[in-house]
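Undergrad: Each chain is listed here by its residues.
Number of protein chains: 2
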Amino acid sequence: MEKLILIKVGGKIVEEPASLKQLLTDFAKIEGHKVLVHGGGRSATAMAARLGIESKMVNGRRITDEETLKVVTMVYGGLVNKQIVAGLQALGVNALGLTGADLNYMRSEKRPVKDVDYGFVGDVKEVNASILADLIAKDVVPVLAPLTHDKSGNLLNTNADTIAGEAAKALATYFDVTLMYCFEKKGVLKDENDDDSVIAELTPALFESYVQSGVIQGGMIPKLENAFEALKAGVKKVVITRADLIDKEGGTIIIEL
Amino acid sequence: MEKLILIKVGGKIVEEPASLKQLLTDFAKIEGHKVLVHGGGRSATAMAARLGIESKMVNGRRITDEETLKVVTMVYGGLVNKQIVAGLQALGVNALGLTGADLNYMRSEKRPVKDVDYGFVGDVKEVNASILADLIAKDVVPVLAPLTHDKSGNLLNTNADTIAGEAAKALATYFDVTLMYCFEKKGVLKDENDDDSVIAELTPALFESYVQSGVIQGGMIPKLENAFEALKAGVKKVVITRADLIDKEGGTIIIEL
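Chains as they are written, first to last, in the numbering used here: chain H, 1 to 257; chain P, 258 to 514.
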């Protein structure tokens, strides 16, 4: 199988012109098949504020009422996505911006209300990867916005990490997939105050022991659980690193052993 | 060659939930290959107003400064486009929303400043129809937003009529193309006060005589000039009609004779 690298970058990187430019330059240099997944939360919060809409977050997730859904549709699907696409095209990358509704590539269902009503937030139910795989084989580079649809006419807000993980798993049928999560650190750190204390390799056993000793905690735990799940579902390699290192060695490599 | 119908609908129709729903239902019923081109001017003006940005129009065209470009990118490329795509997917139409930057399908250049500085407005220079044609042949239905790019990283605001005409001409290499412009009347009228006075067929000679006698005037003149130009460039048929009649006979058929 041919190789494919799927990179998820957070909002901050794609929302500041200088860091976006650097990211797109680094991303363009990566050879072979690739996919970019982006966030856009800060821009959505800023746009909501300008429109007099309050942003409510619970457990790091945005409560998406009808007005907020319009904002994220505009900001993620329009502003952020299309600026990335145009920027990549300028660098010779044949980018194609997509929400889950486009080509019906990712279908979700509105999250059931339990303790919290997240509103128009989607849990992914189905990924139609074959049409994506066809495009990728023709050197098209999908740029995935954090939006899905329910196939009943509604767009749904969906976490970008989830989009990346689900797309990577579905594309693993067609490609030898590396999934790379970028965040602000060089990798998973042994000591959060020491940027160079990157854990080079994480197995499930090591992960367990780091969680028990408190070295790995907070939001990194679900991220790593998703990483192991992706490996179980056929993704070849998961890397957690910093956005400016995407075309370099380093970061934390998650392996199943 | 297989047939393709390319339909351009104005902003008003796609911006009101009831008329949008009707349009999508009618559009979904059309058999065979199809493309939808949409506007969104009213939504852009409304969103700009909510953001405290004044909309300036000259000759019916929007002056697009940097802030306005962000608004149209959000509204045309995000809000309007993705709502249409999600609505069509719900009706079983495999829609794919595109700006000119996506797949680099339509490249433009920033309009040179003469009497008026239109700002970030693009004049179309190149249409890469082959990748669109491939997708259409696989029953994908492109939904085209009125945005292009300059291949140097900038999105540009581009009139939806122009997008429709240029896409139709470029696709005429691959398909037997009918281009349909929808507006609020049943067709080109002999008497603007009589909605049933539709001119059934317009040839260049008839057009000339109607212009000279004042029957055809104003914004209809450039629309029809574009129609004849499209026919010269290989489009098989141009129809001007009302959006609720897209799957019916009627309207004004423009023919080259």
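Please keep in mind that the hints were generated in silico from the structure rather than gathered at the bench.
All C-beta atoms in this analysis are idealised placements derived from N, C-alpha and C, irrespective of residue type, glycine included.
Each hint should be verified, as a subset may be incorrect.
[Said to hold, decoys possible] Quick list of simulated restraints, FRET-style, between CB atoms:
(1) P/461 / H/3: 55 to 65 Å
(2) P/478 / H/117: 31 to 41 Å
(3) H/214 / P/299: 33 to 43 Å
(4) H/116 / P/482: 54 to 64 Å
[Claimed, not checked] In silico lysine to aspartate or glutamate, EDC-like type, Cα no more than 20 Å apart, as pairs:
(5) H/12 / H/184
(6) P/395 / H/134
(7) H/110 / H/161
(8) P/493 / P/513
(9) H/56 / H/123
(10) P/278 / H/150
(11) H/21 / P/323
(12) H/232 / H/161
(13) H/138 / P/504
(14) P/408 / H/26
(15) H/232 / H/176
(16) P/395 / H/139
(17) H/29 / H/244
(18) P/408 / H/139
(19) P/278 / H/66
(20) H/21 / P/283
(21) H/236 / H/256
(22) P/260 / P/396
(23) H/110 / H/150
(24) H/151 / H/139
(25) H/151 / P/396
(26) P/286 / P/504
(27) H/138 / P/391
(28) H/151 / P/283
(29) P/480 / P/448
(30) H/138 / H/184
(31) P/443 / P/433
(32) P/260 / P/433
(33) H/125 / H/139
(34) P/367 / P/383
(35) H/12 / H/247
(36) P/371 / P/441
Undergrad: So, for every hint listed, does it hold in this structure?
TA: Results of checking the hints against the structure:
1. Look at residue 461 of chain P against residue 3 of chain H: about 56 Å separates their beta carbons, and that is inside 55 to 65 Å.
2. As the Cβ distance of residue 478 of chain P to residue 117 of chain H is approximately 54 Å, the hint placing it in 31 to 41 Å is violated.
3. A beta carbon spacing of about 56 Å between residue 214 of chain H and residue 299 of chain P contradicts the range 33 to 43 Å that was offered as a hint.
4. For residue 116 of chain H paired with residue 482 of chain P, a C-beta distance near 57 Å keeps the hint of 54 to 64 Å intact.
5. In summary, the hint linking residue 12 of chain H to residue 184 of chain H is supported, as the alpha carbons are separated by about 9 Å, within the 20 Å threshold.
6. Annotation: proposed proximity of residue 395 of chain P to residue 134 of chain H holds, straight-line Cα distance about 11 Å (limit 20 Å).
7. The suggested pairing of residue 110 of chain H with residue 161 of chain H holds, with an alpha-carbon distance near 17 Å, which does not exceed 20 Å.
8. The hinted pair formed by residue 493 of chain P and residue 513 of chain P meets the criterion: a straight-line CA distance of about 9 Å does not exceed 20 Å.
9. With a C-alpha separation of about 19 Å, the suggested pairing of residue 56 of chain H with residue 123 of chain H holds against the 20 Å cut-off.
10. Distance check on the hinted pair: residue 278 of chain P and residue 150 of chain H sit about 17 Å apart at the alpha-carbon level, within 20 Å; holds.
11. Under the criterion of a C-alpha separation no larger than 20 Å, the hint pairing residue 21 of chain H with residue 323 of chain P is consistent with the structure, at around 18 Å.
12. Distance check on the hinted pair: residue 232 of chain H and residue 161 of chain H sit about 17 Å apart at the alpha-carbon level, within 20 Å; holds.
13. Only pairs whose Cα atoms come within 20 Å are accepted, and residue 138 of chain H paired with residue 504 of chain P is rejected, the gap being roughly 34 Å.
14. Our distance criterion of 20 Å between C-alpha atoms is met by residue 408 of chain P and residue 26 of chain H, whose separation comes to about 18 Å.
15. About 14 Å separates the Cα atoms of residue 232 of chain H and residue 176 of chain H, which keeps this hinted pair within 20 Å; it holds.
16. A threshold of 20 Å between alpha carbons decides the hint, and for residue 395 of chain P with residue 139 of chain H the separation of about 18 Å falls inside it, so the pair holds.
17. Between residue 29 of chain H and residue 244 of chain H, the direct Cα distance comes to roughly 12 Å. Compliance with the 20 Å bound is thereby established for this hinted pair.
18. In summary, the hint linking residue 408 of chain P to residue 139 of chain H is supported, as the alpha carbons are separated by about 17 Å, within the 20 Å threshold.
19. Only pairs whose Cα atoms come within 20 Å are accepted, and residue 278 of chain P paired with residue 66 of chain H is accepted, the gap being roughly 18 Å.
20. A distance of roughly 43 Å separates the Cα atoms of residue 21 of chain H and residue 283 of chain P; the hinted pair therefore is violated under the 20 Å criterion.
21. For a cut-off of 20 Å, the pair hint linking residue 236 of chain H to residue 256 of chain H stands: about 9 Å separates their Cα positions.
22. Taking the CA atoms of residue 260 of chain P and residue 396 of chain P, the gap is near 12 Å; set against the 20 Å cutoff, the hint holds.
23. For the hint linking residue 110 of chain H to residue 150 of chain H, the alpha-carbon distance of about 7 Å falls within 20 Å, and the restraint holds.
24. For a cut-off of 20 Å, the pair hint linking residue 151 of chain H to residue 139 of chain H is broken: about 27 Å separates their Cα positions.
25. Between residue 151 of chain H and residue 396 of chain P, the direct Cα distance comes to roughly 17 Å. Compliance with the 20 Å bound is thereby established for this hinted pair.
26. Under the criterion of a C-alpha separation no larger than 20 Å, the hint pairing residue 286 of chain P with residue 504 of chain P is consistent with the structure, at around 7 Å.
27. Between the alpha carbons of residue 138 of chain H and residue 391 of chain P the distance comes to roughly 11 Å, so the proposed pair stays at or under 20 Å and holds.
28. Taking the CA atoms of residue 151 of chain H and residue 283 of chain P, the gap is near 18 Å; set against the 20 Å cutoff, the hint holds.
29. Of the supplied pair hints, the one linking residue 480 of chain P and residue 448 of chain P holds, its CA atoms being roughly 18 Å apart against a limit of 20 Å.
30. Taking the CA atoms of residue 138 of chain H and residue 184 of chain H, the gap is near 32 Å; set against the 20 Å cutoff, the hint is violated.
31. Straight-line distance between C-alpha atoms of residue 443 of chain P and residue 433 of chain P comes to about 24 Å, which puts the hinted pair past the 20 Å bound.
32. With a C-alpha separation of about 5 Å, the suggested pair residue 260 of chain P and residue 433 of chain P falls inside the 20 Å cut-off, and the hint holds.
33. Proposed proximity of residue 125 of chain H and residue 139 of chain H is contradicted: the alpha carbons are some 27 Å apart, above 20 Å.
34. As the CA atoms of residue 367 of chain P and residue 383 of chain P are separated by approximately 13 Å, the hinted pair is consistent with the 20 Å bound.
35. About 19 Å separates the Cα atoms of residue 12 of chain H and residue 247 of chain H, which keeps this hinted pair within 20 Å; it holds.
36. Proposed proximity of residue 371 of chain P and residue 441 of chain P is contradicted: the alpha carbons are some 32 Å apart, above 20 Å.
Hints 2, 3, 13, 20, 24, 30, 31, 33 and 36 from the list above are not met by this structure, while the remaining hints are.
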